[in-house]
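Colleague: Whenever a hint applies, use it, and build me the whole structure from the sequences.
As they're listed, the protein sequences go chains A and B. Under this note's numbering, think of the first position of the first sequence as 24, with each following residue one higher. Under this note's numbering, think of the first position of the second sequence as 936, with each following residue one higher.
Simulated from the structure, these hints should not be mistaken for lab results. One or more of the hints may lead you astray.
[To be verified] Cross-link-like lysine-lysine pairs, in silico, DSS-like; alpha carbons within 25 Å at most: (1) A:Lys28 <-> B:Lys1376; (2) B:Lys1071 <-> B:Lys1104; (3) A:Lys25 <-> B:Lys1339; (4) B:Lys1339 <-> B:Lys1376; (5) B:Lys1376 <-> B:Lys1398; (6) B:Lys1104 <-> B:Lys1177; (7) A:Lys33 <-> B:Lys1376; (8) B:Lys1339 <-> A:Lys36; (9) A:Lys28 <-> B:Lys1398; (10) B:Lys941 <-> A:Lys33; (11) B:Lys1330 <-> A:Lys36; (12) A:Lys28 <-> B:Lys1395; (13) A:Lys28 <-> B:Lys1257; (14) A:Lys36 <-> B:Lys1376; (15) A:Lys25 <-> B:Lys988; (16) B:Lys1155 <-> B:Lys1247; (17) B:Lys1397 <-> B:Lys1254; (18) A:Lys25 <-> B:Lys941.
Remember, it's a predicted structure, so these values are computed and weren't measured experimentally.
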Amino acid sequence: MKHVKTLTDKTLKSTMAKGGCGECQTSCQSACKTSCTVGNQTCENKR
Amino acid sequence: MIHQYKNNGYNIVLDVCSGAVHVVDDLLYDVIACYEENNQNARETTLTSLTDKLTQYSHEDLQEALEEVETLRSRGELFAEDEYESFVMDFKRRKTVVKALCLHIAHDCNLGCRYCFAEEGEYHGDRSLMSVEVGKQALDFLIANSGNRRNLEVDFFGGEPTMNFEVVKELVRYGRQLERQYDKKFRFTLTTNGILLNDEMMEFANREMANVVLSIDGRKSVNDYMRPAKNGKSSYDIIVPKFQRFAELRNQTNYYVRGTYTHYNTDFSEDVLHLADLGFQQISVEPVVAGPEEPYAIQESDLPKLMEEYDKLAREMIKRNKNGNGFRFFHFMIDLSQGPCVAKRLSGCGSGTEYLAVTPWGDLYPCHQFVGQEEFKLGNVYDGIQAEAVRDEFKLCNVYAKEKCRNCFARFYCSGGCAANAYHFHGNILDAYDIGCELQKKRIECAIMIEAALADQEEKEKKEA
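Modeller: Have a look at this one:
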């Protein structure tokens, strides 16, 4: 395609099937403590 | 739902529900905007309306762009439907487990920070230190309530945890025993203001702590005004050399220098860059959260300036990355390809369910920011969760339960924001702290723009090679 560069495809949807293993870090344990920042975390299963 | 914006020369289109992110040219950017208005109509109508509206482009260009839009749409990467709400219904019925504790090792502090939500460590109560016995019971509680989760997190928090460091050491030793006994893995973290930090503590932390959070606000004048030592002297001079050494000893990874900016330093990008210039490569500086009656609170009128500052910081980070002296800024970190799954994004930070705070005497609260507010007390480490109704309120707290979040483009990035902030501003954990939302949205936009710029840079370098 000429007019678009896709940085990432439908990554969110494709994770729906698994349902979440829950092994990932709790967001507030990293470096915030006064805000909620979930989208910047990495999935434990993809490390 | 889509969200499109222009930043630093990039036209960005987020397809909110699929998670797809596209960088497009002006033509496609304009076509997507019109398409959204017309997407119920047949293609011919859309092309006709595009030709009428976007007179600056030729009919052929518009047709070509429209075909690309339709291709993306058919792949499920544009205008994807939100299919997660039913998933949440199942999600909230499932039994939650506890996987992280914030241990309030000391309700006492050796600094007198003006903005401290913990009231200089006292959290609406008396000064107090956690005993080894309470700490061990907390770890036992965590193991007993963690189900089949293997990775468990324990943050040594305060007040200032180094004021009770022997207990920290003893609890780490105890945790290592439990790991072997129960086949679990503890990730310990330490949040410290650095005043008492010494070589022995650093050596211990480097051996045992998965992450350390080092509190400093940035420039000396900014830091010392908001974070004065108890004798009124500079805390900056005491902590900077120690933090620099600590960061080096940790090979510049698995730590953050973490600061707070306020109404007094709305030019906070200077503080972030100051920390970078001191050699720190992992930096987190975030807005203070305080009621409007506080003179240092972020006000709505600060927002335009703060937005500019995030843009400025983003541009400088791209430049430094190119020049080989890049650093990471926590709130611009975004993992577009390996980010959290939908389940994680929907469950949010986990406060009150997966994540609990423990007071020095063993009471349990939904998170560190609720400590001392009796109506949120969940139970204690001896008897477990007793206030199940409060726990369930947090269990049901997700983006679909929040009116302000339902149609927000950022909902899968912030996961509905901080429950404590919502409560403190609106008296309801299902509300949202509006100034925080505006800043969060801006940070997400900048973070994605940085990804676009870095991808661009990489492509250019490949071509040159």
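Colleague: Between Lys1071 of chain B and Lys1104 of chain B, does the CA-CA distance stay at or below 25 Å?
Modeller: holds, 12 Å
Colleague: With a cut-off of 25 Å on the C-alpha distance, tell me whether Lys28 of chain A and Lys1257 of chain B pass.
Modeller: Distance ~21 Å between Lys28 of chain A and Lys1257 of chain B Cα, so the pair holds.
Colleague: Given the hinted pair Lys33 of chain A and Lys1376 of chain B, is their Cα-Cα distance within 25 Å?
Modeller: holds, 20 Å
Colleague: Assess, step by step, whether the Cα of Lys25 of chain A is no farther than 25 Å from the Cα of Lys941 of chain B, and give holds or violated.
Modeller: holds, 19 Å
Colleague: Is the Cα-Cα distance between Lys1339 of chain B and Lys36 of chain A 25 Å or less?
Modeller: holds, 22 Å
Colleague: Taken at face value, is the distance from the CA of Lys1376 of chain B to the CA of Lys28 of chain A at most 25 Å?
Modeller: holds, 22 Å
Colleague: Is the hinted pair Lys28 of chain A and Lys1398 of chain B satisfied, with a Cα-Cα distance of at most 25 Å?
Modeller: Roughly 16 Å separates the two Cα atoms, so the pair holds.
Colleague: Would the hint linking Lys25 of chain A and Lys988 of chain B be met if the CA-CA limit is 25 Å?
Modeller: holds, 22 Å
Colleague: Going straight from one Cα to the other, do Lys1397 of chain B and Lys1254 of chain B come out at no more than 25 Å?
Modeller: Holds, because 18 Å separates the two Cα atoms, which is no more than 25 Å.
Colleague: Take a quick look at whether Lys1155 of chain B and Lys1247 of chain B sit within 25 Å of each other, Cα to Cα.
Modeller: holds, 21 Å
Colleague: Between Lys941 of chain B and Lys33 of chain A, is the straight-line Cα distance small enough, at 25 Å or below?
Modeller: Given that 25 Å is the threshold and the Cα spacing comes to 21 Å, the pair holds.
Colleague: Is Lys28 of chain A within 25 Å of Lys1395 of chain B, Cα to Cα?
Modeller: holds, 14 Å
Hints 3, 5 from the earlier list are contradicted by this structure; the remaining hints agree with it.
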